[in-house]
Structure formats: structure tokens, C-alpha cells
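Engineer: What follows is the residue order along each chain.
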Amino acid sequence: MKIKPLQIVAHIILIIGVLLMVLPIWISFASSTHENVSILTEGMRFTLGDQFSRNYNEVLNEKGGWSEEVTAAKMFINSFIMALGIATLKVAISAMSAYALVYYRFKLAVPIFWLIFITLLVPLEVRIFPSYKIVSDLGLTNSYTGLILPLVASATATFFFRQFYKTIPDELLESAKLDGANAWSFFIDFLVPLSKTMIAAMFIFMFVYGYSQYLWPLIMTTAEEYWTVVMGMKIIYTESYEGVALPRTAERFAYIILSMIPPVLVVVFLQKWFIKGLIQTEK
Amino acid sequence: MSFLDLKNVTKIYPNGTKAVHETSLSVDEGEFMVFVGPSGCGKSTLLRMVAGLEDITEGDINLDGQLINEVDPSERDIAMVFQNYALYPHMNVYNNLAYGLKNRGIDKETIEQKVNDAAKLLQISDFLQRKPSMLSGGQRQRVAMGRAIVRNPKIFLFDEPLSNLDAKLRIQMRLEIKKLQQKVGVTSIFVTHDQVEAMTLADRLAVINNGIIEQLGTPIEIYNNPESLFVAGFIGSPQMNFLDANLNNKTLSAENFEIKNIDSDYNGEVTLGIRPEHLIESENGLINLKVELVEQLGSDNLVYGQIKNIKDFCYRSPGNQTIKKGDTLSLNIEENKYYIFDKNTGKRVNQI
Ligand SMILES: Nc1ncnc2c1ncn2[C@@H]1O[C@H](COP(=O)(O)OP(=O)(O)OP(=O)(O)O)[C@@H](O)[C@H]1O
Ligand SMILES: [Mg+2]
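Going down the list, the sequences are from chains L and Z. The opening residue of the first sequence carries number 1 in the working numbering; numbering runs sequentially from there. The opening residue of the second sequence carries number 1 in the working numbering; numbering runs sequentially from there.
I should point out that these hints are in silico values taken from the structure, not numbers from a laboratory. Heads up, a few of these hints could be off.
[To be verified] Calculated lysine-lysine pairs in the DSS-like style (CA-CA distance at most 27 Å, straight line):
1. Lys-324/Z with Lys-347/Z
2. Lys-347/Z with Lys-325/Z
3. Lys-196/L with Lys-131/Z
4. Lys-178/Z with Lys-154/Z
5. Lys-324/Z with Lys-343/Z
6. Lys-343/Z with Lys-107/L
7. Lys-114/Z with Lys-250/Z
8. Lys-343/Z with Lys-325/Z
9. Lys-114/Z with Lys-131/Z
10. Lys-272/L with Lys-131/Z
11. Lys-102/Z with Lys-196/L
12. Lys-250/Z with Lys-168/Z
13. Lys-102/Z with Lys-183/Z
14. Lys-154/Z with Lys-168/Z
15. Lys-166/L with Lys-183/Z
[Said to hold, decoys possible] Taking CB as the label site, the calculated pair distances span:
16. Thr-119/L with Asp-55/Z: 13 to 21 Å
17. Leu-115/L with Thr-57/Z: 30 to 38 Å
18. Asp-117/Z with Lys-196/L: 26 to 34 Å
19. Asp-55/Z with Trp-184/L: 41 to 49 Å
20. Gln-129/Z with Val-9/L: 41 to 49 Å
21. Arg-130/Z with Thr-119/L: 39 to 47 Å
22. Glu-292/Z with Lys-4/L: 30 to 38 Å
23. Trp-184/L with Gln-113/Z: 55 to 63 Å
24. Gln-129/Z with Met-21/L: 27 to 35 Å
25. Ile-112/L with Gly-40/Z: 31 to 39 Å
26. Lys-168/Z with Leu-115/L: 20 to 28 Å
27. Trp-184/L with Lys-183/Z: 45 to 53 Å
28. Ile-3/L with Lys-120/Z: 36 to 44 Å
29. Leu-121/L with Gln-129/Z: 21 to 29 Å
Ideal Cβ placement from N, Cα and C applies to all residues, glycine included.
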């Protein structure tokens, strides 16, 4: 096979891109395997050290916070639950609302859709005070429900599902109707399987969105047992700054590396669906 | 009351288009009815009202003794084959066939048996595990048929199911559909704008124009006895020739010939229709045709030419004759095979 100059250029660009993406992660990982002292004196590292198991053990098992009870593992679990809840509900709700908007031909469908779309202009950070008020009035502070519920409506996902459903030919619905399908079975038997790659994509985006929430859990939670990973990044290992002890940079890096694992797992797991959808188009 | 009964059915779309105009029609059990007409005449609309996919603006539809105006399509026990087949892309062929049965709560073994029987009938047993995207056009067509047959519905509806196939396959599938319908014996309505398809498939034919049934009858009745200019021009291939003429006192006078003793009391301007196959060569014929083009089909020739000012006049001659461009043929019209229409209303004015 002959390699064209254009291909070489393209590959060089791609390789540079990959390096830019991977290098920071590698540095974090390499640094997380050294002793704190050596990072302090010699800066961040490109090579692996010998403190891997010590540092990671420390991070996973050390109890922190005022209560001396919350561990990094606990925070991972909290974040995972929160992200999973947000992603699942976001996908389910937006798929269903898009279904209603596209297939139930009521007059207000278009205005309602635009109303939903406008909420994109009002992200959580803007409405955080009223949201907090409502959630606390409902007595949902310090609970998973309170962490998840205010974030489950999604204009973006509704938009994408709506656009996708609009491309499905009418005959499919008509044919299904004549085959005895009702509104619910058309959704479950047709729209869901037909949009499964879309669902997988949305789920990934929404999972990462939920996982990286910072402000909302910070405001929502006073009990440390509901702390999340991103909050932890700010809070954990700070005592070392103030005291005489060394900054615990290595553990921080280890924590960052660990915090990447859940979203990466989700992507890896759902990628199979992605690729399947790319190979056999089903429409 | 017959099996399917449409009474004064009218359809006006929300945007004001009047697609079907006070149409009444009866279809007997087991009958193969064909709706034929030009594009946009309202065939699909009429069919979709029977299926329940469009609301009926006015009128009644009865199926098997039950008024179905307000019955949901899923409850009508009707199967429809669409032009683009509308197969379920994410299900394999087996599940495409089985889906309608599952929705009716039929048990697994019965479903399996019915699907296998239908698959065998349509020769798609080998593809049961494939997705529709992995089938050829003809195979998809069969799956769509299978999906209709397997449920053993009260009535089959076909909306131009053959128009996506190539010419050869279309003829083959046309034959198969006809055979299948005779075998299964299900009442069927078939929509097409292809008059050959209509003629070959139909037990009875409804020729539709502008939302109105212009004529209803067996294919041969309609061919022999078209009641209007539109039907005469639409049914028959090649098309009927039309000439302007005058009818006075039972005498028809065209530009360069006269026919006496016409069986009609009408007086005034008329259009004379002559089918290409109703012309015969004879000495001192009525018509002198100057040949411009000959299409040799083997079994017969289609001869196109000019009579005075009329262009593209067509004559079907036996295949063994050699006719060349530039010849002049002397033609007579077969006894009593002239169709005379009122020039203004298009209604036929003579008896055959
Ligand atoms: N949803 C609709 N809204 C408004 N007008 C419509 C709609 N569907 C069809 N029409 C109009 O109704 C008339 C009949 O349409 P219909 O689809 O029944 O024609 P058809 O005979 O099936 O034609 P074709 O052979 O092209 O399929 C047309 O003038 C068409 O423009
Ligand atoms: Mg149509």
C-alpha cells in the first residue's frame, strides 16, 4: 500500500492530538506513584515511581472530613449513584417527552418544545437559589433524591431525541398500529430499540455531566456521607497545606486518577453499542 | 350489506384539500378490488380511511357488519402492505411476521407454526433470521406480504406495493400476489396507478379521478364499455385515439370521414374514441394513416402516424406485417367499436 503525503500529515496531527490528551493523564499517573517529598523537590514526573500501592491504599482507605468518617471510596460511590441516577432519568424522561412532542399531534407541541428548549439558557447555576429552596422545602437536602432530581430534565437530550424520531418514517408507526401496537408498545418495541445508539451516546454525556457536578452537591449536602468526588478534590488533603506537614501531592494525583475510572468504565462498556450502531444502520 | 361497505365517504384534509368526494362502494367477501387512477386522485386516501389511518370527514364505513368509523386501526383486524414495505428494521424477518401475533396474545407455539407456514408459502423460510436490510427488494416485498398473511386478517390493503420493483420482478410479483390471493381467499383492495397491473389483478376495478369513482366494473367491462372520456383514455394500452367530430341526426362527421347510423340521439360536438386494436386495414378505408414510426413488439406492431392534422394516431397491426415509415395505410374501424363522448361533459353518448 502506498502512503500518501496527506495521510502522513493527517496522522501527525492525530498523534499530536493524542499526546496532548494523554500526556497530562500520564503525568498525573506517574506522579501519583512517587513520594511526596520527591515531587516537592523535583516537580512532576514522567517516569513511574515505587510508591503505587502505598499511595493508592492511603487514598482509598483514609478517613477524612470533620467526622473522620468519609473515605474516597464512599465519595466515588456517591458520585456514581448520582451520575447514574441523573443519566438514567435524563435519558428516560427526554426520550419520553420527545415521543409525546413528535407523535401526539396537539396544537401546543411546537410552543412547548421551544419552551423546553429555552431552559437551555437557564442552567442550574443560574437558578440555583430557587432550586435549593424547593429541594430544602421538600426536605430533600442530604439525600440522593435531592442530588439527582433537580438535574433530570434535559432540553438537549429532548432535542436530539425529537430530531431522531422525526426521521422515522410514518409508515412504521402506521404499520405497527395495524399490527395491534398501542402507544406504549410502539415506544418500547420500536423507538427504544431504534434509538439505542442514541440512548448510549446520551447516557454517556449525561453520566459525565452528572459525575462532574460541583456546585449543586456542594450546596445541597451538609452531611459528609453525601460528599461527591469533585467536592472531595477541593476538600480532601487540605489540612496538609496549613499544618507543618508536606503537601500531599502524590495522593492528590492518585485521587484524580481514581476519579476518572467510573466515567471511563461507562464509556468502555457502552462503546460496544456505539460501534454496533455504526456498522449496521437500522433505519 | 356486503363485506366492506363505503357509504358517501368524503375526506377533506385539515388544509382544505378535498381528496375523496362522496364515494360509495361495496366489496364482497373474497373479492380482489383494485383502485386505479392518476397520481393525486385520492386512491391512497380512500384506502387509508378503510385502514383507519385517516379520519373520515363524512360518511360511513362498515366492515363485516360492523360500523368501523371510530374503531382504532389496531382493532380493525386489517393488514396493509405499504409502498416502501415499512418492515421493522430492527427485527429479523421472523419477528417482523410474529409481531402482530404477539400483540394479539397468541401463544408461542401457535405463532411459530403460523410464521413458518406463511414463510413456506412465500418462500422466505431461509431468511427468517435476517434483518430486512439484508434482503433484496423482492424478498422484502415477500416479507411485507407475509406480515399481512400471517395474521389472517379480514381484509388486505395494498398501496402500490410493486412500484419500487424493477419491471421484470414487478410482473412476477403481480402474478404471485394474484395466485396468493386466490389461494388464501382474503378480501383485498389494491391501489395502483398502473393500468396493466389493475387490469390483470382485479376481479373488479374502480377507476378514480379527482376523488370520484368514475366507473366501477370488471376489467373487461371497463375496457369494452368505458362510460367517460377519462376512463376510456386511462384504461387500455396503448391509449385510445381521440378525434374531434360532430354528431347530427345519427351521423358522425369527422374531419375527413363520416359514419352513419350511430346509435345515439345526441346532437352536437363530440369526441370520437378509437382503440388502436380496433382498426383493420382494408381497401378504401375511412382513414388514411401516414406512417411515421413503427414499434415492433414481435407479437404485434404499434404503428404511429398522422391523419390530416392529427398526430400520433396509433394503430396496432399484426406482427407478421411489414410496415415502413412513409407508407400510407387505409384503415377501417371494426364494426360498432367507436366510442363517442360528449365533448363538454366527457360522458359517453352512444351504445355499444
Ligand atoms: N396529509 C394531507 N394533507 C393535505 N392534503 C393531502 C394529504 N395527503 C394527501 N393530500 C392530498 O389529497 C389528494 C389525494 O392524495 P392521495 O395520496 O390519496 O393520492 P393518490 O391517488 O394516492 O396519489 P399517488 O398515486 O400519487 O399515490 C392529493 O391532492 C394530495 O395532495
Ligand atoms: Mg398514493
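Engineer: Determine for every hint whether it applies to the structure shown.
Structural biologist: We went through each hint and held it up to the structure:
| no. | hint | in the structure |
| --- | --- | --- |
| 1 | Lys-324/Z with Lys-347/Z | 37 Å, violated |
| 2 | Lys-347/Z with Lys-325/Z | 36 Å, violated |
| 3 | Lys-196/L with Lys-131/Z | 16 Å, holds |
| 4 | Lys-178/Z with Lys-154/Z | 17 Å, holds |
| 5 | Lys-324/Z with Lys-343/Z | 34 Å, violated |
| 6 | Lys-343/Z with Lys-107/L | 48 Å, violated |
| 7 | Lys-114/Z with Lys-250/Z | 63 Å, violated |
| 8 | Lys-343/Z with Lys-325/Z | 32 Å, violated |
| 9 | Lys-114/Z with Lys-131/Z | 19 Å, holds |
| 10 | Lys-272/L with Lys-131/Z | 19 Å, holds |
| 11 | Lys-102/Z with Lys-196/L | 22 Å, holds |
| 12 | Lys-250/Z with Lys-168/Z | 47 Å, violated |
| 13 | Lys-102/Z with Lys-183/Z | 25 Å, holds |
| 14 | Lys-154/Z with Lys-168/Z | 30 Å, violated |
| 15 | Lys-166/L with Lys-183/Z | 40 Å, violated |
| 16 | Thr-119/L with Asp-55/Z: 13 to 21 Å | 35 Å, violated |
| 17 | Leu-115/L with Thr-57/Z: 30 to 38 Å | 33 Å, holds |
| 18 | Asp-117/Z with Lys-196/L: 26 to 34 Å | 32 Å, holds |
| 19 | Asp-55/Z with Trp-184/L: 41 to 49 Å | 22 Å, violated |
| 20 | Gln-129/Z with Val-9/L: 41 to 49 Å | 45 Å, holds |
| 21 | Arg-130/Z with Thr-119/L: 39 to 47 Å | 44 Å, holds |
| 22 | Glu-292/Z with Lys-4/L: 30 to 38 Å | 58 Å, violated |
| 23 | Trp-184/L with Gln-113/Z: 55 to 63 Å | 28 Å, violated |
| 24 | Gln-129/Z with Met-21/L: 27 to 35 Å | 42 Å, violated |
| 25 | Ile-112/L with Gly-40/Z: 31 to 39 Å | 34 Å, holds |
| 26 | Lys-168/Z with Leu-115/L: 20 to 28 Å | 54 Å, violated |
| 27 | Trp-184/L with Lys-183/Z: 45 to 53 Å | 36 Å, violated |
| 28 | Ile-3/L with Lys-120/Z: 36 to 44 Å | 54 Å, violated |
| 29 | Leu-121/L with Gln-129/Z: 21 to 29 Å | 49 Å, violated |
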